[in-house]
Amino acid sequence: MDLINPAVVDLSRFQFALTALYHFMFVPLTLGLTFMLAAMETVYVVTGRQVYKDMALFWGKLFGINFALGVATGLTMEFEFGTNWSMYSRFFGDMFGTPLAIEGLMAFFMESTFVGLMFFGWDRLSKPAHLAITYLVALGSNLSALWILVANASMNVPHGAHFDPETLRMTFDSFVGVVFNPDAQAKFVHTSVAGYVAASMFVMGISAFYLLRREHRAFAARSFRMAALFGIFSTVAVITLGDVLGRLDYEHQPTKIAAIEGLWHTSKPPYEPWIVAALPNDAKQESSFEIGVPFVLTPLITHSFDTPITGMIELEDAAAPRIASGITAISALRRYEESHLGADLEVFHAHQNDMGYGLLATRHAPNQDVTAIAPEQLQSVIEQTKPDILPNVFVTFWSFRIMVFLGVFFFVLFAMASYLSLKNQLERNRLFLKLCMWSIPLPVLATEFGWITAEGGRQPWTVFERLPTFMSASTHSMSYMLFSLAGFTMLYSIFIAVELYLMFKFARLGPEAHHQHDDGADPAHLSVVAH
Amino acid sequence: MIILLRFAGLGLALVVALLFAVFVGDQGPWYFAWAVGTVMIILVAAAGAVLFDAQDGRDTSQEEF
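First to last, the sequence lines map onto chains L and C. Its first residue numbered 1, the first sequence is counted upward by one per residue in the numbering used here. Its first residue numbered 1001, the second sequence is counted upward by one per residue in the numbering used here.
Since the hints were made in silico from the structure, they are not lab data. Remember, predicted model here, so these are calculated numbers, not experimental data. Ideal Cβ placement from N, Cα and C applies to all residues, glycine included. Among the hints, erroneous ones may be present.
Over the 12 angstroms line for every Cβ pair with chain L, so calculated as not near, a few chain C residues [said to hold, decoys possible]:
#1 Val1022
#2 Met1040
#3 Leu1051
Covered, in the sense of this in silico footprint (three residues per stretch, anywhere, with C-beta under 8 angstroms from a C-beta of chain C), are these stretches of chain L [as the list claims (entries may be wrong)]:
#4 39 to 49
#5 184 to 197
#6 223 to 232
Heads up, incomplete: computed chain L residues facing chain C, CB under 10 angstroms, no partners named [to be verified]:
#7 Tyr52
#8 Met55
#9 Asn142
#10 Leu146
#11 Thr171
#12 Phe175
#13 Val179
#14 Ala237
#15 Leu241
#16 Gly246
#17 Leu420
#18 Leu422
Bound-form chain L, shown alone (with noise of 0.2 angstroms):
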C-alpha cells in the first residue's frame, strides 16, 4: 500500500484552495474599505459637513457586514493547517506559527476592539477621538493581513530558518529575518493595496448605481469622487508591487517566473516576447497558438536587455543533480537518525539545500522510499522527478494574465472615472456609470487569480524548495476529506449568499440617514446637468 495517497492530497489541497478563495472574496473589502472610510471621516471632522459623516456611518455599515462574514470564513482556516496539512504544521510549525499566533491577537483583540469602538461609538467619543479609533481599525485589519502574508512568503522563500536534523523541522532563526523578509514586503504591499482597489471599485460602483437612479446624489457624488481618485492611485501601486513581485520571482523562484510567461525554453533576448496569449499543453511541454509582443518579456522580467530567463525545460535538466543530492541527503539523515554518527551528519550538511528534491523523489522510489533506491534506478527516478518541479503551466500563465488584463481595465476605469469626476461630467455619461457598475466583482476576481498564480505557480512545493506538497498532508481517509469538503462548500456558500443578500439589501436602501441629516441638497452641477 502506498504511504502517500494522491487523491487525498489532491482533496485536502482543493478543500485548501477552496477556503481561502471563499475567504478572500470578504478579505480585500476589508482591507480596503478601512482606509476609505478613515479618508472619509478626515474630510468630515475637517469641514464638519454631515454628508460625509453619512458616507462614513453608510459605508461602515456595508463594511460591517463583510467584516463579520470574513472573520468567520477566516476562522477555518487555520484550523485546516493542524487536521488536514499535519506533516507541514509539523515540518514548519515554527515559522509560520508565530506570524499566525500575532496574527490571532492582532484580529482579535486589537481590530475586533476597534471595530466595536468604530461602530458604536459615534455618540460616545469625540470627533478627533473617533477619527483615530477608525485609523486603529484600517491599521488592525492590515497589519492582520500583514503577518499572514510573513508567513506565506516564509513558505515562498524561507528566510530567517534553517533545517534542524535532529528534530527534522524548520527551526526558526531570526524574527527580523522573517519579518522583513523582501517577498514578504512586497507581497503584503500588493495584497493590501489590491484591497484598497477593490473598496474603490465597490464604493465606485455603487455610487454609480445612485447616480443612474437620480437618488441620494450628493451622497452618491462624493462618494464616486473619492473611491475614483483612491482606486487610481491604489491600481499604480498594484502594478508596481507586481512587477517588484515578478523580480522577486525571477531570483527566487525561476519555474514560477517561467510559468507564469509560458517559457519553455530559455529566452533569446532582446527579442523575445512577452506572450499575450497561448494554449500551453504541460503534457507535451509546449504551447499553441503563442500572440506575442517582441522585445517585452526580457525587460518586463530582468530589467534589463541582454539577460536570458530560463526556461523550463532547461530547469529541469538543472535540476536533476539537485534530485541526485538531495537523495544523497535524505539517505545520510536516515542513516544518522539511526547511527548519530559525525560522518553521516556531514554528508548530510554538503547536500541539505537538495533535501526538497531528495523529498520529491520519493513519489518514484521503490516503496515511496528513497534509500531504498539501487544505484542503477537512480537515473530513471531522477528522470522520472524531473518533470514534477514545474506547477501547472496551463493554470499559472492563465490566471496570471486575467489578474493583469484585469488589472489594466482598472486603470483605464479609474482615470476615466477620475476626469469625469474632476471635470464634473459624471451624469451625462450613463453608460460609463453601467460599466462602474458592473465591474464591482471584478477586483475581487482579479486577487482570487492573483492567488491562484502565486499559491499555484509554487507548486509542487509547500515551502519552497523544502517541503513537497504531497508531503504536507495528514494521511486522512477519502471519506473523511469528501465530508469536510462538502461541509465547508456548504457552509461557505451559505456565507456568500448571505453577504450578497445583505449587501444588496441595504445598498439598495441607501444612506436612509442622509436624507434627514443633509446638508448641501444635490450638488449644483449635477443639478443643472440633471435638468
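Chain L is already provided as a structure; the job is to place chain C on it using the hints.
Just chain C now, kept in the frame of chain L:
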C-alpha cells in the same frame, strides 16, 4: 503648561516618526512605501472631496448670476 506639553508630545511623535522612517526605510523599504503611500492616497481622496465642495460652491454662485 498645556501648550508646552502639547509641543513636547508633538516633538516626541516627530522623533518616533523619524526613527520609524530611518529604521523601516532601511530594513523594509516597501513597508515604508506602504505607510507613506497609504497616507498619500487618503490625503488625495480627501482633497478630491474638498475640491468637490469647492466646485459645488462655485457652480452654485455662478448659477446665482
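Evaluated hints:
Under the 12 angstroms C-beta cut-off, the non-interface status given to C:Val1022 relative to chain L holds; the minimum distance is some 14 angstroms. Taking the minimum C-beta to C-beta distance to chain L, about 7 angstroms, the non-interface status of C:Met1040 is violated against the 12 angstroms cut. The Cβ of C:Leu1051 does not lie farther than 12 angstroms from every Cβ of chain L; its closest approach is about 8 angstroms, which violates its non-interface assignment. Three residues within the 8 angstroms Cβ limit are the bar, and the region 39 to 49 of chain L against chain C gives 7, so the coverage statement holds.
Here's how the region 184 to 197 of chain L fares: 7 of its residues keep a CB closer than 8 angstroms to some CB of chain C, so the rule of at least three is met and the hint holds. Check on the region 223 to 232 of chain L: 6 of its residues sit with their Cβ under 8 angstroms from a Cβ of chain C, so the three-residue criterion for coverage holds. For L:Tyr52, the shortest C-beta to C-beta distance to chain C is roughly 7 angstroms, which falls under 10 angstroms, so the interface hint holds. At about 9 angstroms, the closest approach between the beta carbon of L:Met55 and any beta carbon in chain C falls short of 10 angstroms, and the interface hint on this residue holds.
For L:Asn142, the shortest C-beta to C-beta distance to chain C is roughly 8 angstroms, which falls under 10 angstroms, so the interface hint holds. Hint on L:Leu146 holds. Least Cβ distance to chain C is approximately 8 angstroms, under the 10 angstroms limit. Interface restraint check for L:Thr171: the shortest CB-CB distance to chain C comes to about 22 angstroms, outside 10 angstroms, so the restraint is violated. Residue-level restraint check for L:Phe175 is violated (minimum Cβ-Cβ distance to chain C is 12 angstroms; threshold 10 angstroms).
Hint status for L:Val179: holds, given a least beta-carbon distance of 8 angstroms to chain C, under 10 angstroms. Using the Cβ-Cβ criterion of 10 angstroms, the hint placing L:Ala237 at the interface with chain C is satisfied: the shortest such distance is roughly 6 angstroms. With 10 angstroms as the threshold, the beta carbon of L:Leu241 comes within range of chain C, its nearest partner Cβ sitting at about 7 angstroms, so the hint holds. Because the beta carbon of L:Gly246 sits about 14 angstroms from the nearest beta carbon in chain C, more than 10 angstroms, this interface hint is broken.
At a threshold of 10 angstroms, the smallest CB-CB gap from L:Leu420 to chain C is about 13 angstroms, leaving the interface hint violated. Because the beta carbon of L:Leu422 sits about 8 angstroms from the nearest beta carbon in chain C, less than 10 angstroms, this interface hint is met.
Violated hints, in rising order: 2, 3, 11, 12, 16, 17; the structure is consistent with all others.
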